[in-house]
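Undergrad: Please build the complete structure, drawing on both the sequences and the hints.
Numbering (numbering that gives the first Met the number 0), first residue to last: 0 to 60.
Everything labelled a hint here was simulated from the structure, so no lab data went into it.
Note that beta-carbon positions come from the ideal geometry of N, C-alpha and C, so glycine has one too.
Now the in silico label distances, taken between C-beta atoms and shown as ranges:
1. M0 / G24: 34 to 44 Å
2. L25 / L56: 15 to 25 Å
3. G24 / T2: 30 to 40 Å
4. I33 / A12: 12 to 22 Å
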Amino acid sequence: MGTITLPPADTLAFLGGASLLAAIGLIEWPIAVIAVLARLLTLSRRSQSLRGVGEALALLR
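TA: Right under this line is the structure:
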């Protein structure tokens, strides 16, 4: 079996927070999905252009 690597603690907290806010109805789930995708794109180390798009989306929240 392979190993599973988790994202950094601050990213896990962000994902959990966005999920919680969507679950209790403080934000709509599509907004939570966009915010989470933006966060994950900023963590992507494979493509500089994806990081730029993710950072731009993260600024919108």
